[in-house]
Amino acid sequence: MINKSLFLLALIVLLVSCKEETSKKEDALKKKEGIFSSIELKGSIKQMEDSITGMLQNKSSIKLIPNLTYIELINRLKSYYKRFPNDPYSAECLFKIHIKYMDLNALENSVAYGDTLLANFPNFQNRDFLLESMGSAYDSGIEPRDTAMVRRYYTLLLKEPTVAPETREGIIMRLKYIKMNFFEYVNFQSKKASNSKK
Amino acid sequence: MILPIIAFGNPILKRIADNLPENFEGLSSLLADMFETMYAAKGVGLAAPQIGESIRLFIVDGSPFANEEGEEIDPKAIGIEGFKKVFINPIIEEESGDLWPFQEGCLSIPKIRENVNRMERICVSYYDENWSFHRDEFDGYKARIIQHEYDHLEGILFTDKLSPLKKKLLSKRLSNVSIGIVEVDYKMKFNKKK
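As you go down the protein sequences, you meet chains A and B in turn. Following this note's numbering, the numbering of the first sequence begins with 1 at its first residue and continues without gaps. Following this note's numbering, the numbering of the second sequence begins with 1 at its first residue and continues without gaps.
In case anyone wonders, no lab produced these hints; they're calculated from the structure. Possibly wrong hints are sitting among the right ones.
[What the hints assert, rightly or not] Within a straight-line C-alpha distance of at most 30 Å, the following computed DSSO-like cross-link-like pairs (lysine-lysine) qualify: (1) B:Lys187 - A:Lys176; (2) B:Lys187 - A:Lys192; (3) A:Lys96 - B:Lys189; (4) B:Lys42 - A:Lys179; (5) B:Lys189 - A:Lys191; (6) A:Lys179 - B:Lys161; (7) B:Lys14 - B:Lys111; (8) B:Lys172 - A:Lys192; (9) B:Lys42 - B:Lys166; (10) B:Lys14 - A:Lys191; (11) B:Lys189 - A:Lys192; (12) A:Lys159 - B:Lys166; (13) B:Lys189 - A:Lys179; (14) B:Lys187 - A:Lys46; (15) B:Lys166 - A:Lys176; (16) A:Lys179 - B:Lys166; (17) A:Lys78 - B:Lys161; (18) A:Lys176 - B:Lys14; (19) A:Lys42 - B:Lys166.
[What the hints assert, rightly or not] Label-pair restraints from in silico Cβ distances: (20) A:Thr69 - B:Asp18: 39 to 45 Å; (21) B:Asp18 - A:Thr147: 31 to 37 Å; (22) A:Asn109 - B:Trp131: 40 to 46 Å; (23) A:Asn109 - B:Ser96: 19 to 25 Å; (24) A:Phe188 - B:Ile73: 46 to 52 Å; (25) B:Ile73 - A:Met180: 45 to 51 Å; (26) B:Ala66 - A:Ala112: 41 to 47 Å; (27) B:Glu93 - A:Asn123: 47 to 53 Å; (28) A:Ile172 - B:Arg135: 50 to 56 Å; (29) A:Glu169 - B:Asn67: 26 to 32 Å; (30) B:Asp160 - A:Ser196: 25 to 31 Å.
[To be verified] Not close to chain B: a few residues of chain A, all C-beta gaps over 12 Å, as computed: (31) Ile39; (32) Asn67; (33) Tyr89; (34) Ala119.
Quick reminder that beta carbons are idealized off the backbone N, C-alpha and C, glycines included.
Next up, chain B with everything else stripped away, as it sits in the complex (with noise of 0.2 Å):
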């Protein structure tokens, strides 16, 4: 089933989510929810809070930034391929390196996309679907993703991350994305007064 991704100005995207109890009622079906409504946004993470559930939970997939064939290699692409995964309860250990700019969207926040800093490699805990316990280094756009994602468990949109001026030159946009202001491919739930 394809859920409605959570638009922002909703307050849920602004909470501290809740960790998971291992006897979590309907977990399967919410992560095979989570990965239809992924895919069909084109997304490369999904993270609860943009379904609507406020618990520290998310999944990824980032084959789409997969090297293709003939192009130049981007290294902080490599081993990409395959990289789908569900991390619950995560908590980022250790984050090194140098921070390094790449343009960020979300699917909560459509149409925007803004440069972002982040570090170059993470090193997370986490458990997976199965509620088996990893703790795993990650560089590159793997460790972008799942920084991205982290963030929206603490209640972080990667628009808190900009200049506090491009976050003004954002606001007029960033309040019609609220409202449902602008064209989007999959399904969102906005924030319409009642």
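Same shape as in the complex, but just chain A (with noise of 0.2 Å):
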């Protein structure tokens, strides 16, 4: 009886040892094909972004931070999207990555994200300053200039109920001198403004 009792033992204590066993196996394939979990891809973006807070911090450091850095941020951000397309985690994502390609001056790349972002997520929280960003990227940035593009994303943006009065304004004038680039709308504003101070 006694026998059969520790034989019995031992077989659980075998099988719960090879389930765990398996289960490590299992994990580490997840890991070397780049399967992680929401909370482990959460994890190594924010530890991205702390370090990069910490760079920035930091005076000395802040000259030096290469853009290999935010390349790596804008991959883990992507990896995600890539994952987790339907998470609301992932319009965050799409989120910082337009911005993060917005500051690296690779705008074709950030507007693609942008749309993406509002396809996916046409409730997004930040939608104003994404249509607002959208818009200006054409506007000033994207060459050749395509006003087409500027009058739609600034169409949408007027369409925001959450748009600051002045915002709302700027766009308005904005969309009725569309045919100036940026630089002669500046010099025409000042020129405005200039007048209308005699």
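Make the complex out of the two chains shown on their own, each in a separate frame, by following the hints.
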């Protein structure tokens, strides 16, 4: 009887340890294949963001942050979106990718991810900021300048109820003189201000 | 003679400047005026278009960036003491290294400073004030100053390098600079309507 019990106990221990081993192997395989959990990916993004924030706060290293650091962050954000495309955090990832590409002056990439965000998360909380950013990218960044795209995003922006009155006024004015490029428009505004002072 | 510095909005700042002929008349007095103007405005570089001359010439003196005793050594500033030079008909042959951000300003755009990304190292060929040819490599702040001034010869301002949204947010301040609605303690030529 005792022998039977011992045998059963040993069998259970063996089965449990085998299961744990299999689970560890599966985890290792997932990691090898780049399959991380949502928490792990979020953690790696936060780690990267904290590291960049730390560098930005340190005056002696602020001038030495290589662009590869930002590209690594973009890659992690992309990984999250790729793995969990419908997760609400993916909207944040897409927004951050849009902004980071903008900072790196990779405007075509920036607007591509902005469009992805608008299409997949139409009620994204920073939608007005995103639309303004998209409109300005086409207005004074992407060459050749495409006024139809400027009009498209600024018109969408005007439909947003959260837009501040002065921004709204500025956008309406910009659309009125959309044929002028950024430099011409700033000069035009200067002349207008100068005239109104007289 | 201290010359007025052309403010943002003047079309000369958007023009590609012309090469200087070797027999350019009045070069030495122009250079003397440019140095005097730059020092009066506490600048570290000045390009000819900024004083209304659309020619490929700029001057630099990066000594204000030099490491001071007792301060933490900034590796980007190493060797900048005495970095006073004249660049005539320069060509940036090569840019290399990582892009790094630095808050730039410009004597033509007072009171506005923004982070601009530029590459760490450059190789530039140029003539000096005696028309001797050089081909030198620069890095850190020296490269940064040259890249900024060189852009002026190409009709590019540092604000052109900002993100479109930043440009948009700055547009009101830029239009104010253009017509002189800005406090500035050096002589400037603004773009008031005739």
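Tested hints:
1. With a CA separation close to 35 Å, the supplied pair B:Lys187 and A:Lys176 exceeds the 30 Å bound.
2. Between B:Lys187 and A:Lys192 the CA atoms are separated by roughly 24 Å; this keeps the pair inside 30 Å, and the hint holds.
3. For the hint linking A:Lys96 to B:Lys189, the alpha-carbon distance of about 41 Å lies beyond 30 Å, and the restraint is violated.
4. Taking the CA atoms of B:Lys42 and A:Lys179, the gap is near 38 Å; set against the 30 Å cutoff, the hint is violated.
5. Note on B:Lys189 and A:Lys191: the hinted pairing holds, with a Cα-Cα distance of about 15 Å set against a maximum of 30 Å.
6. The suggested pairing of A:Lys179 with B:Lys161 holds, with an alpha-carbon distance near 21 Å, which does not exceed 30 Å.
7. Among the hinted pairs, B:Lys14 with B:Lys111 is consistent with the structure: their alpha-carbon atoms are about 20 Å apart, no more than 30 Å.
8. With a C-alpha separation of about 12 Å, the suggested pair B:Lys172 and A:Lys192 falls inside the 30 Å cut-off, and the hint holds.
9. A C-alpha spacing of about 26 Å is found between B:Lys42 and B:Lys166, which places the hinted pair at or below 30 Å, so the restraint holds.
10. Pair hint B:Lys14 plus A:Lys191 holds up; C-alpha atoms about 18 Å apart against a cutoff of 30 Å.
11. For the hint pairing B:Lys189 with A:Lys192, the CA-to-CA distance comes to about 18 Å; that is within 30 Å, so the pair holds.
12. Restraint check for A:Lys159 and B:Lys166: the C-alpha separation of about 22 Å stays at or below 30 Å, so the hint holds.
13. About 28 Å separates the Cα atoms of B:Lys189 and A:Lys179, which keeps this hinted pair within 30 Å; it holds.
14. Distance restraint check for B:Lys187 and A:Lys46: the Cα-Cα separation of roughly 48 Å exceeds the 30 Å cut-off, and the hinted pair is therefore not satisfied.
15. A C-alpha spacing of about 21 Å is found between B:Lys166 and A:Lys176, which places the hinted pair at or below 30 Å, so the restraint holds.
16. Note on A:Lys179 and B:Lys166: the hinted pairing holds, with a Cα-Cα distance of about 20 Å set against a maximum of 30 Å.
17. For the hint pairing A:Lys78 with B:Lys161, the CA-to-CA distance comes to about 26 Å; that is within 30 Å, so the pair holds.
18. Only pairs whose Cα atoms come within 30 Å are accepted, and A:Lys176 paired with B:Lys14 is accepted, the gap being roughly 24 Å.
19. Distance check on the hinted pair: A:Lys42 and B:Lys166 sit about 28 Å apart at the alpha-carbon level, within 30 Å; holds.
20. For A:Thr69 and B:Asp18, the Cβ-Cβ distance of about 41 Å falls inside the hinted range of 39 to 45 Å, so the restraint holds.
21. One distance hint, 31 to 37 Å for the beta-carbon pair B:Asp18 and A:Thr147, holds here, with the actual separation near 32 Å.
22. At roughly 45 Å, the beta-carbon separation of A:Asn109 and B:Trp131 lies within the given 40 to 46 Å, and the hint holds.
23. Between A:Asn109 and B:Ser96 the beta carbon distance is about 23 Å. The supplied range of 19 to 25 Å therefore holds.
24. Distance hint for A:Phe188 and B:Ile73: a CB-CB separation of about 47 Å, consistent with the stated range 46 to 52 Å.
25. With their beta carbons about 47 Å apart, B:Ile73 and A:Met180 fall inside the hinted range of 45 to 51 Å.
26. Against the hinted window of 41 to 47 Å, the Cβ-Cβ separation of B:Ala66 and A:Ala112 comes to about 44 Å, which satisfies the hint.
27. The hint said 47 to 53 Å for the Cβ distance between B:Glu93 and A:Asn123, and at roughly 51 Å that hint holds.
28. A beta carbon spacing of about 53 Å between A:Ile172 and B:Arg135 agrees with the range 50 to 56 Å that was offered as a hint.
29. At about 48 Å, the beta-carbon gap between A:Glu169 and B:Asn67 misses the expected band of 26 to 32 Å.
30. At about 27 Å, the CB distance of B:Asp160 to A:Ser196 agrees with the hint of 25 to 31 Å.
31. With a minimum CB-CB distance of about 32 Å to chain B, A:Ile39 clears the 12 Å threshold, and the non-interface call stands.
32. Remark: the non-interface label on A:Asn67 conflicts with the geometry, its nearest Cβ contact in chain B lying 5 Å away (cut-off 12 Å).
33. For A:Tyr89, the shortest C-beta to C-beta distance to chain B comes to about 23 Å, beyond the 12 Å cut-off, and the non-interface label holds.
34. For A:Ala119, the requirement that its beta carbon stay farther than 12 Å from each beta carbon of chain B is met, with the minimum near 20 Å.
In this structure, the earlier hints numbered 1, 3, 4, 14, 29 and 32 are contradicted, and the remaining ones agree with it.
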